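Just so you know, we're using numbering that gives the first Met the number 0 here: the sequence shown kicks off at 0 and counts up by one.
Take the hints with a grain of salt, since some may be wrong.
Pairs of lysine-lysine residues, derived as DSS-like cross-links and limited to a Cα-Cα distance of at most 27 angstroms, are as follows [stated by the list, open to error]:
| # | residue 1 | residue 2 |
| --- | --- | --- |
| 1 | K402 | K416 |
| 2 | K403 | K274 |
| 3 | K260 | K315 |
| 4 | K398 | K532 |
| 5 | K274 | K213 |
| 6 | K532 | K32 |
| 7 | K528 | K403 |
| 8 | K416 | K512 |
| 9 | K260 | K274 |
| 10 | K142 | K165 |
| 11 | K398 | K416 |
Quick caveat, the hints were computed from the structure, so don't treat them as lab data.
If you're wondering where the values come from, they're calculated on a predicted model, not measured in any experiment.
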Amino acid sequence: MTGTNNASPLPEINSYAPLTIRTGNEEIHGNCKRISLKTITASTDKLPEAGIVANVVINTRDFDKELSLKARVNSVQSQNDGEHLVLLDIIDASRKNEKKLSYFYISSIWNEVTSRIPDENAVFAPRNLVGLFEKEDVFRTLKELLSDRYSLFLVRLDPSEVVKAKFLDQTDEELIFATSDAPRSFFKKINHDPLYIYWPHGFRQHLFVSYFKKHSDGRLILVHPILLLSSSLREEERTQVEPGTMWVEIPVPYPKGAFIKREIIDISSGGFAFKCPIDSTYFLPGTPISSLRILGKDREPFVSAGQIRHVTPVTKNTNQPYLKIGVQLQISNKAFAKGHAHPEVAKRQKKLPITNKGSKNKTGIFKTFKHILKTGLRTQAGQETTVGTKSTTGTIPFKCMNKKNQEIVGFVNTTWKGTDRRRATVIVLPPPYGKRKEALGLFTHYLIERFKNQFRDAAVVRYDSTNHIGESYKDPQCREPWKECLHMTLSQGTEDLLSILDFVENNGFFLAKEIILISFSIGALLARKAIVKDQRRRVHFWIAPMGATHMGDLLLKVSGGIDYFDLYESGQTLGDVTILGLTVQGDRFCEDALSR
Numbered sequence: 000m001t002g003t004n005n006a007s008p009l010p011e012i013n014s015y016a017p018l019t020i021r022t023g024n025e026e027i028h029g030n031c032k033r034i035s036l037k038t039i040t041a042s043t044d045k046l047p048e049a050g051i052v053a054n055v056v057i058n059t060r061d062f063d064k065e066l067s068l069k070a071r072v073n074s075v076q077s078q079n080d081g082e083h084l085v086l087l088d089i090i091d092a093s094r095k096n097e098k099k100l101s102y103f104y105i106s107s108i109w110n111e112v113t114s115r116i117p118d119e120n121a122v123f124a125p126r127n128l129v130g131l132f133e134k135e136d137v138f139r140t141l142k143e144l145l146s147d148r149y150s151l152f153l154v155r156l157d158p159s160e161v162v163k164a165k166f167l168d169q170t171d172e173e174l175i176f177a178t179s180d181a182p183r184s185f186f187k188k189i190n191h192d193p194l195y196i197y198w199p200h201g202f203r204q205h206l207f208v209s210y211f212k213k214h215s216d217g218r219l220i221l222v223h224p225i226l227l228l229s230s231s232l233r234e235e236e237r238t239q240v241e242p243g244t245m246w247v248e249i250p251v252p253y254p255k256g257a258f259i260k261r262e263i264i265d266i267s268s269g270g271f272a273f274k275c276p277i278d279s280t281y282f283l284p285g286t287p288i289s290s291l292r293i294l295g296k297d298r299e300p301f302v303s304a305g306q307i308r309h310v311t312p313v314t315k316n317t318n319q320p321y322l323k324i325g326v327q328l329q330i331s332n333k334a335f336a337k338g339h340a341h342p343e344v345a346k347r348q349k350k351l352p353i354t355n356k357g358s359k360n361k362t363g364i365f366k367t368f369k370h371i372l373k374t375g376l377r378t379q380a381g382q383e384t385t386v387g388t389k390s391t392t393g394t395i396p397f398k399c400m401n402k403k404n405q406e407i408v409g410f411v412n413t414t415w416k417g418t419d420r421r422r423a424t425v426i427v428l429p430p431p432y433g434k435r436k437e438a439l440g441l442f443t444h445y446l447i448e449r450f451k452n453q454f455r456d457a458a459v460v461r462y463d464s465t466n467h468i469g470e471s472y473k474d475p476q477c478r479e480p481w482k483e484c485l486h487m488t489l490s491q492g493t494e495d496l497l498s499i500l501d502f503v504e505n506n507g508f509f510l511a512k513e514i515i516l517i518s519f520s521i522g523a524l525l526a527r528k529a530i531v532k533d534q535r536r537r538v539h540f541w542i543a544p545m546g547a548t549h550m551g552d553l554l555l556k557v558s559g560g561i562d563y564f565d566l567y568e569s570g571q572t573l574g575d576v577t578i579l580g581l582t583v584q585g586d587r588f589c590e591d592a593l594s595r
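Using the sequences plus the hints, can you model the full thing?
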């Protein structure tokens, strides 16, 4: 089986960043759909005139300023859903924005590919990025990896398919892989599509794009790449910190204002490691930290965000074993990239190139992607258009009414900050049994960060149910602390969720592109009832981790074998009963649950 291709090293890649097209006094808003170093495909709210030259501003979310380009509107097409599809040819950018475009394109590839690989949490580390363009450099690097014991991944993006493979050999023109586990259908679909090869290698990751050439006898032959990207988390020089001189403070959800303080062991311009007792609470790898403070003697505190990368037990050469917890700092943090957190690191960082040692491209991002692979974008006017507000995440409180005209209080978290109303994926989080909306704060932050890293707009809606713990409406006789849930019923929780879906459909913060419902505990029962009852079928996806499936079985287990439903049906008066620590009116609760 053989294939043909136009082996472009720079295919279009999915991108979900917001953009603005400025033509004279008019602004047209929309989102990128696909991007390369030469073209942008976007969906917009208005239809620009074909053939005109416009200023295009892309909110990359990883820079202090937005990416500003000049582009010609190549073609326009109206869609059935009211949106418009616009193809833009990039014709001009300043040198500064050429570098931003290169970085944005590379990071889009990196995030898009790694997001398709199960259990892969690779972090794009731009300061440690190496780009190899010369064929002999690519050949030599791949030769060094031939003895690698790590599996690599063959990734097709549209539709998404991932296959594990083993690198066997290479020639001047071809790469040879073993793909014994790949389904035959995989090879029928990749004839003309770009195939991304992602190669995790300890703390270093390699990525390149190739095209299908031939498949036979369990072997896949691809075109030899002309561009190889490598990113490493461990190339930056680490400084050992003297004991008792530097600490990190990480806030905890409860009580308000509390934080844990741990001693920092080593630090670099990309992250640090801190010490934690073996028997102490610690974070798991992949945990996002929205805010942390680095403190040192006679130094100004440094505030940033980060992510836990590894947890390593240290038992040798120490009197008391401990955990070494590694943190990668937020990639876009400009101050830390320059080494401002540690004076000694800062001195050295001024001398460090952007790329690693051994790279022939020491300036720009691979000398601006080998000057857009020797064919693209030359500065003509060199002028940048006006930029808007810098994007970051936002938290917005809201109030809405249910059908009984009772107030529901909640939070909206978005991947952007500002007053613009964007089309976004909306995730609705009903409160778990006996929990407030604040209990879902860490999970909300995790969701928002995952969507941000993939350059996708998203909004997370969490709220307190009525006659339940939290800020939402409670009947007058249920407003003392231990009586808050006395009048709680499953049907009211279902109606509250339907009212939240009404809010999602009509609000001033976002436009719902799709709705994902994630429910926990007894909330899974409410979600199921709401989905069935919702005649407009507004929920696109329902996820119920640790969700209850049957109320009767659940009550029987949590009450020590007492069957409240059976007692109620036999005519006994239940009065106030305690279920999982909450006091409810048993007769009201059972009557509602059994009748619905």
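Practice problem: Just pull the numbers of the violated hints for me, sorted ascending. | Solution: 1, 2, 5, 6
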